[in-house]
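*Asks:* Each chain is listed here by its residues.
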Amino acid sequence: MKFGNSNLLVAPSHYPLEAPKRDLVQIMNCSRRREIGRQIGNRAQFIFRARKDPQRIDAGANSSKNRGMSDPAIEIEKLSKEYPSGFLHLQKKRSLEDLTMQVQEGEVFGFLGPNGAGKSTTIKLLMRLIFPTSGTARILGRSIDDVKMHQTIGYLPEQPYFYDYLTATEVLDYFSRFHGLTSNDRRLRVEKMLKKVGLETANKIQLRKYSKGMLQRVGLAQAILHDPQVVVLDEPMSGLDPLGRREVRDIILELKREGRTVLFSTHILSDAEMLCDRVGVIVGGRLRGVGTPGEIIGMKAEGMEILFEMRGDTNGSPFVSRATRTGERYRLQLPEEELYSTLQELKGAGARILSVTQIKPTLEDFFMNLVEADRAHASAVDVSG
Amino acid sequence: MKNVYTVATNTFREAVRDRVLYNLVFFALLMMGAAILVGQISIGIEQSVIVSLGLTAISVIGLFIAIFIGVSLVSKEMDKRTLYALLAKPVQRWEFLLGKFGGLVMTLTINTGAMALGLYAALWTVKHPLQRGDVYILVAVYLILLKLAILVALALCFSCFTTPFLAILFSAGIYVAGVYAQNLRTMHTVDIAPATMKLLKAVSYALPNFENFNVMGAVSHGGVVPGALVAHATLYAVAYCAIALTAAAMVFSNRNLK
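Protein chains in written order, with the numbering used here: chain A, 1279 to 1663; chain B, 3 to 260.
Accuracy of the hints is not assured; some may be wrong.
Covered stretches of chain B, as calculated for chain A (at least 3 residues, CB under 8 Å) [what the hints assert, rightly or not]:
# : stretch
1 : 11-22
2 : 90-98
3 : 251-260
Listed below are the simulated SDA-like cross-link pairs for lysine to any residue, each with C-alpha atoms no more than 20 Å apart in a straight line [what the hints assert, rightly or not]:
# : chain 1 : residue 1 : chain 2 : residue 2
4 : B       : Lys260    : A       : Ser1358
5 : A       : Lys1426   : B       : Tyr7
6 : B       : Lys4      : A       : Gly1458
Hints in this document: simulated from the structure, not taken from any laboratory.
Heads up, the beta-carbon is just placed ideally off N, CA and C, and yes, glycines get one too.
Only chain B is shown next, with the shape it has when bound in the complex (with noise of 0.2 Å):
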């Protein structure tokens, strides 16, 4: 796990020198903004608007880091081929691409922390002070990174076996779908033959259930999230990275080199 761990502090390294941090800056900026137009604009439910603004930023900023540099994790390295000098080293390629997500799933983590302190603080603007029930925000946040490690994972996968721009549109096309996976199992219409629906209902288990890390409608409104959903879409997260990843060094292990 050293090898695991000396790559992943690279990545982690790559992605704070190649500035992909500067996104914090970004939301920043669209939290400050917030903050003051819904102090402006609207009453009593500026808690609900700044928490929905906050949790979507956070999930689209993370969203555009995973799929767009998970992709470019392994692809860039052997464009560049700064992969050959590393895996002559005693180094396996299953400890390279472990390595590789340990690295942007700890970015997206430094990453999501720093925006969720951001979103406390554009919140303590319009809402002083702050309540015990604002801590599901955490939770949310804490969610909205397990469905972003599932994404890198996907990511990375797709990017062992095709092209980046391909790669990138198998991430975006699994995410869209995911997002509708659950409605796609609940589904029940009579227009649709047995076996198609059979069908169908096997794709909405294969897809990630990302309906699982959604909690945005209930903390935005002060609700309260169940350890047992927390726990639940863990081990969902765990399992679903460890398959993707397996895969990926399933495929990576047998890749020829340019």
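Chain A extracted, bound-state conformation (with noise of 0.2 Å):
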């Protein structure tokens, strides 16, 4: 059985994300009231929370504020992106809108969206690979225009490519040259990072030769090899396999325990689930919510999966049937409220359990259930004139 799928368990886009639970349900202007606030019940626990702590929702909040418990270490205002489109340029198209967050000094933050949502796009905005149409960003208390700025900062760029001439050695030599290091320091730094990325016995090959996964590690490397003070991943873990992933996985970590502050996007939510402290989403260049994984990603429970075993004669049995069977094991998918109950009587009919899970959102799911909320409200946003 699957619900709570529609998309109306996330607010529009065009909604404030401080308004409260009553005038989301009005706004959605849904007949089934009672159901749809049973589904957004924890994204309005989320909106709450939020407002209750200034330092856990950066949306919409005067930067000045949120100076408090830490500082933070990126700051963006009202950040906007317009590219000319058409073919005499005399169009623009928006790429990213009134963006307003904030990264706290010591956190990993995850930037999570579709293809196409902006993530990428703020990301060269803060390192000024592009320009932004208005707005203003600062990291550390300095403004993404100060160069010098740079020099604590470190940026792994979206699938990333180096001189294919130089070997690993070379091209972290050449980049740390521009972070007034002595030669020595360079060697020793270039060594130590070539061995945390698992790059030491392919450091002599011309990156010509490196697979899509060791130009990434590369690319890490030459990210860290300065110790930054912020970190700024563009999508690290792609291209990479699993024992990669982990490995990236534990190097963001292991800048965590060092107390630097980590930016990355991604797509991949157990990643992002896994390592931050916040999230961020972003969908169509507007900034749909921040907060904790858990609020963000896990605001929409599909529900509980219980796997048991039964033995002997299971005809007639309200649980089989509803049940998938695969050997001699079944799953059972239900709604939570309906667990406990269930397990009691599962028990009493002699089933054994063997796990009991909680059935998460696919990314696909998650994203669509935003991009559809989108489409929702332009068209009435059309349809209202």
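Dock the two chains into a complex; use the hints.
*Replies:* This is the structure we're talking about:
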């Protein structure tokens, strides 16, 4: 049984995050208010929690008010980016819209969103690879236009590509020269970084012979080579095998342990859940919410799944007819509120419970809900004129 | 300037590893062939033929390198996105451009220097010992190098705001126009309206005057190159490069990368 997959679970993009649950329901203009109210409950709780604790929500917040327990490492205020489009470049295409958020010092912040959502645009704006149409951003209190500020930040581009005529050692040495390190320092750090990303045996090979995953590792090494306080990683897991992904996760956790701030974009929800103190979700160039992974990703639990074994005569058992059979095992999906009563009944029927797990939404479901909410909002605006 | 030097040395390393200097093999073969052939068919004008051929080859080969590699200096970095990681470092965009320019000029210097040695070797085979006046061949090579530096700066500038193909067309077009800029300045004809004439003159002064760097005829016939001419050409090249690179930096500093 699939439930809770309605796009109404997510607030429409135009809706202010601070709005009370009551208004949210009214805006939805849906006749099934009770059901919707239940479905958006988690979302509304997230909104209320966030309102009570201004440190935990950034969207729409005034940056100066958020300085408290820890200063923001990255502050973004009303950042927008438009690109000219059309044959004569007379039209404008907006890829980022009034983005306001903060990343606190020492936290790992995940930037989530589907392709074309504006994640890479935001990161490129922070790295001054592109320039904003409006808005400002600061890293460690300094404007992103201040080139010297880049001394304290590390950046891994999406699908990184480096000078393929250089070896890994040479490319890292080249990048380290911009940080004013001495020759001896450079040598030691390059060796350390190559070891850290598992490339110490391939350090003499030209990068043109490297696989995508190996280039990703070189990219990661150059990003953290100079001990930056803030590390910005654009899709760091992209192109890596499971082992490589685990190594990158370990490196991110190590950076966190060292007190560094990490901002990374990803499509992979499990990575965000595992690594992030907070995540921000961006869709269609608009920030849709900021909170802990549990609040954002876990707000739409689809139910529970019980895995059980049942021997003997199972004919007539109400659970068996509802469950999916695999060998001697059965999988039963049910709403969370029915869990405990069902477990009791299964126990009574002589079933052996093997596991109980929460059914998490898939990445596709999660983003599709946001995208569909956007489309629904766009249609509503069209109709209302 | 440390960042500029770092980028420049890497650009030079790229040129070497991408086998740009392999053109020297072609030049060496050309010079060897010319020396053997000239020795057999020309009597009394061996020096003139060898020097003319050698300087022309140095100029043409340098021209190809300056335009094609000059255009690719920035566009390749943007296409391959190698620039992303670099510009996230504490590096100004103008430092990157200046480094790229310096790296290619360094490559061209090594290249033309090696070709000049080849030219002297070919000359030595048809006429030895070499004479004191042959030192002006080096002056001619130096002036070719200045001309190439202007072309690199222009190619770099064009590549900052247009596609590589158009940048190559513009650079080659400017070169051809620049060769005839002097003629445009001294042109006197009654068939052109005065306003058009003024416009043409203005254009001729905006174009790089490559005639300033052409001493090939004089040198191949054993002539002398005045020091004032060399000084004037040097100042002209430095000023022109500075203007072209400033324009490039202004465009590139505001350019959004893909």
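*Asks:* A separate judgement is required for each hint: does it hold in the structure or not?
*Replies:* Comparing the hints with the structure gives:
| no. | hint | in the structure |
| --- | --- | --- |
| 1 | 11-22 | holds (count 5) |
| 2 | 90-98 | holds (count 5) |
| 3 | 251-260 | holds (count 3) |
| 4 | B:Lys260 with A:Ser1358 | 16 Å, holds |
| 5 | A:Lys1426 with B:Tyr7 | 18 Å, holds |
| 6 | B:Lys4 with A:Gly1458 | 9 Å, holds |
Violated hints are absent here; each numbered hint is respected by the structure.
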